[in-house]
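Participant: Chain by chain, the residues:
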Amino acid sequence: MDFGLSEDQLMLEETLRSFLADRVPIGRVRDLRNDDCPNNREIWRSLAELGMTGILIPEECGGSDLNLLDACLASQSIGYSVTPTPFVSSAVMVPTALRELEHPLISGWLAGIASGDIAFGIAVTETFSIREGAGIAIDQGELSGKAMMALDICSADLILLAIGSEHLAVIRADAPGLKKARLITTDATRCTSELILESVAPEIIFEDVGKTIARMLDAGRIALAADSLGACEAMIEQAVAYSKQRKQFDRLIGSFQAVKHMCAEMISELEPARSLVWYAAHSFDALPDEAPLMACHALAHVSEIGHEIASVATQVHGGIGWTDEHNVHFWFKRIGVGRSLLGGPGLLRERAAEIQGLAKSG
Amino acid sequence: MDLEYGQRYEDFRREVRTFLDKHKPKDSPGGISGIRRKKLVEWLSLQIDEGYWARTIPKEFGGYGAEPNLLETVIMDEEFNRAGVPRGMASQGASMLVPTLLEHGTDEQRQRWIGPTMRGEVMWCQGYSEPGSGSDLASLQTSAKEDGDDFIINGQKIWTSTADKSEMIFILVRTEPDAPKHGGISYILLPMDTQGIEVQPLRTMSGDLGDNSFNQVFFTDVRVPQANVVGKRGEGWRIANTTLKHERNSLNSNSEGTILKLMRLMERETTNGVPAMASPVFRDRLMKLQARSLAMKFHAMRMVTCSLKNENSGVAGLITKLRNCQLNFDISALAIDVMGELGALYEHTEYERDRGYWQSHSFFSLGLIIGGGTAQIQKNIISERGLGLPREPKPAKS
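From first to last, the protein sequence lines stand for chains H and W.
Per my numbering, the first sequence runs over residues 1 to 362.
Per my numbering, the second sequence runs over residues 1 to 398.
FYI, nobody ran anything at the bench for these hints, they're computed from the structure.
Backbone N, C-alpha and C fix where the C-beta goes; we use that ideal spot for every residue, glycine too.
In silico contact screen, one side only, chain H against chain W (beta carbon under 7 Å); selected entries:
(1) Met1
(2) Leu252
(3) Gly254
(4) His261
(5) Glu271
(6) Ser275
(7) Leu276
(8) His301
Label-pair ranges, simulated between beta-carbon atoms:
(9) H/Pro104 <-> W/Gly273: 56 to 62 Å
(10) W/Val281 <-> H/Asp289: 27 to 33 Å
(11) H/Lys211 <-> W/Gly371: 47 to 53 Å
(12) H/Ile184 <-> W/Leu260: 42 to 48 Å
(13) W/Asp354 <-> H/Leu50: 52 to 58 Å
(14) W/Thr73 <-> H/Ala214: 37 to 43 Å
In isolation and in its complexed conformation, chain W is listed as follows (with noise of 0.2 Å):
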């Protein structure tokens, strides 16, 4: 065991930091709407050209070109986070549909949307669950009819984040409605403003309309050429399934930011004169919450040298999703308490705290619980695929 990174990660160190004293934006770097995009773009570029972002995509596709290297990225990440700026931007193009088309696209694909993805100037939005098909998501039903040379889509989509604000929209339908369930499944790329798609907003319990947005998307008699297929017709499951791998290695999120702010409001807090960090009941608890979150970030220094070994990371590499974001939804419990009847408070109330940030993590944390494989699908994965227990017989058919 050894926790130096060494003489040459360190200076890669130092230049990350110079670079973010440097250039890191004075209020936050940007929305996908409206005026603030045009920032948003330039901060995405201006993170291209010195390697901070898009970094190992190769530079024919808009990328920075270097080789993979995970520790830079681990790096990268620290650093971010503790300039308090987001490294490149949370979005399903940057982190779902690249790496996917990075595995499967066509070279023509890859030119035409990598680039502007990694930028912000191509947001895009993801088609995958349907009102009856969540966890069982192999049985969509959103058809794709062959003609000619383009497929005609009819059906529905739901929990479409940032739909009515993306270019695009990358999709799975059922192109072949006589394979097996599973084999009859393609991914296609489209434009959300082709004729027949509907957007209807979602408004989500957290009350969010704002970039977080939740919708619902219908499509009518939608034409696409079939040349937007990613990979071979009816492969789209397998093809999915290397992007919901890459979109549960996004939901890690680190809470060892999210103690510390805790550690604040406790300390501020006061209840009859007496700061909610003087109540043993209160200290208890955010002890315990703690050492979870400690345990987690030794966790992903365990998992990040399994990767540098490569070696197999085994059952210990499926709970992390699982893990944390019962953690994270278990902060902001404590936070919330620790204010007393004002942690009911919501909407820019006079006397809320952190500017409501408590309130709005609690109802994301619950939204990651179970958006990207509820924890439900996400403790079956665990036993089956990390245990070895066998999979639930299917019941016969009627």
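Chain H extracted, bound-state conformation (with noise of 0.2 Å):
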């Protein structure tokens, strides 16, 4: 029995945190969000040089072919830094629906993803929320309707796009009659967008394949609360960093009980999130028939705990914490926004409840 993480993932974890810390310092995430779209191909690139791209892509298309786990550490050191990438959508959603499918193209694309020439996004909102009267339709084998939230499309070369539930397209970014704009939100380390699709030929669809878009779901539920717990990890240090450098009433503001509690209180909460988010992302690989259940407790679990890691962590900070000038908000910002992305914490309870055949589903 090893619950635990092995040499090569705390290696994995180690390299990838250091790079971050190095090449993508909170000064640079500050200097790309006046960007058209914070996600910079060259970062991209660079984590395609350490392999981080190509965790969840086989070997014989470039990629190392690890587990889950594996793309979960190096989720949650992005989270950790804020970084501005397409890792979740890209780096896990898309090759972890694309393996499951077949056609003479999907090798080439995994390659591309592995080796950083190529960045996906994605649209699948509408399989779990359909608003705004989104919804795409495919008529004579073409395609046209509304995706909401789209996930790292500005930066993107090919969308993964879903159809219903049930089926699932792959389109190229400046395909004819696609329209994309941006939809800003709090978080200006993330990119999300409509897409406006009038008569789109499509690269490929996939019919029937409702299976792989819930196992992608999945994967990207996962993979996104180990962004959030990371992002919370970060929140925590700086707030315990701060309390022991400022000074109040003559006294380092850590030795106020009502600050300790505070600190000990978020970091009770984040280490068996981080239990629940590593188990999870296990039961994805190896016990899978767990996995949909897990999903959805490991994302809604993060985002409440997050949540009051994201306010409380600020309020350490005093005022201070609520201006632009001081980093903090980014972190901030990258919880609030992962916790409205890929269902939301009510949405995924309820999916949790049905799963177990506690509520009726539909």
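Make the complex out of the two chains shown on their own, each in a separate frame, by following the hints.
Facilitator: Laid out in structure tokens, this is it:
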């Protein structure tokens, strides 16, 4: 029995964290928010050189064919440094889906992700939540309709698109008839868009692949939970560090029980959540029957504790934490928007109840 | 990561299961008072003979004498849990005194007390807290004055669980009044029938005066031989801290079974003909609690792994008591809510559900949030030892 990380996994985490601290420090993130899209392709390519984009890609396509737990350690490190990059979409969800499908183009796309030459965006929101009249229809092999809150579209070459909850399509990001409009959220480190399709010719359509879509969503939810977990971890570290240097009433504020107890509450919520995310990621590969439930619980639970940690860690900083000049808001917003994506806690918990037969589905 | 136990351990699991199928008591394995005590001693002795209790305690001290093996312990706990019977006995003698004697006692003390304690023949209570010394335990004032080969004890202890049913007490007393606060305390064993000891029951908020009784204990000129000190005179604080560590480990109850019990309740309970489980509001709360419970379950697996690898679990190892006690309290709150107005029933009323389990569980969980180091003391420990935050400066002496 070993519920822990291997030497290789610890090394992966260490490598990525020191790379991101060095190459994408918070000052760089602050600059990137002024770009049209924060997802900088150089960062994506550097992550590829480190082997991060190919974690879930087969070796014959240039990847390392590791497990979701490995991908989650990377995702957590990326969340820790609030790096703008399409990791959850392009390095987790897209490879998870494409590997289960068959088509001559797929191995080239996977190789492109592993090498950093290709980045995907995804538009799958309508598989779990239809709003603003969104939805994509197929008519004589062409796609029309609307997709909301599509992820990482602006800097993508290709888009993996859900049609209802049973079919998938891959379209080119520059396909004729596709209109993309960035939807600005509070989080400047992520790219979200609205897509309008008018008779777009897809590269390919995969029909009746509901199971693949569900599996892709599970992987995405677990990896997104890891991203938020990493951001929470960073916020607690910053709050603790600040309370060890900030003085009021002639004392370090960290010596006041009020502040100590805020920090103790945060860390005591974070550590079991870390264990839950590890288990969820492990179950995805080793205990697939458990994975759908664990994916829902992991993301919903991390979203709940994240809401509290983001708020409390900011409060420990006092007034400066509420300014744009201080950096802590980047993490606050990353956690906040992460909570809204891929379902949101209420929807995920209802799904968790359905999976266990405790609520009627549909 | 590998959650398989391997063949050797699966064989062991089967052995435990076979034992339980054959020997598991049909009803409660007995209590600590009256005729039930005899059944309890028989059941505990059988478990020791088969190696499922006192497993790693040396044979010469009345144990089974196996090498410590954490996975075996985990498997035994899982299987006894599944069978719905306690493994061994939850008592302060077994969980706190025995580990302390193994670490600090003389061979004579070990031989005399460990076997009978593990078999349930001798029950112990713990004399630590005093009316004026709760969280600030080291300020305790119960005194032990030297008188020839003896000490004479005067003072008062409080929150003393099972004092009225125990044969023995392990107690912290001040033997060196002129030494600094933490350096003047000794750890002493004495029989509860010693002249000068008076026990007064203290009714808890749950109204409980049964096996979980709560008491005050008064000491008036109580004479005890100096040979009953565990460790050295004046070292009681350090010794007690090893015991407190054992107590915190033993308060980490698993909530998985309670969540299952709550689910069954929510499927059965109906209001206006609608089952509680059909209410989206109750279901959402249930799912929130289930996620917290799973997180604690996997966290325990992670902590077991840390121990197996001899890794320091750091701050992650300090948070279990704080989170589990609050979780258990919140689980009982949902159970009480889903029963509507009938959730308020208590004291074996006709319509009470699960024989009053939920209100009792709620009171008991609240008690554990306070007992064994309050949640606030836990947070001080987590932030100071786990996160390295500075200690609160001591107020200037006036």
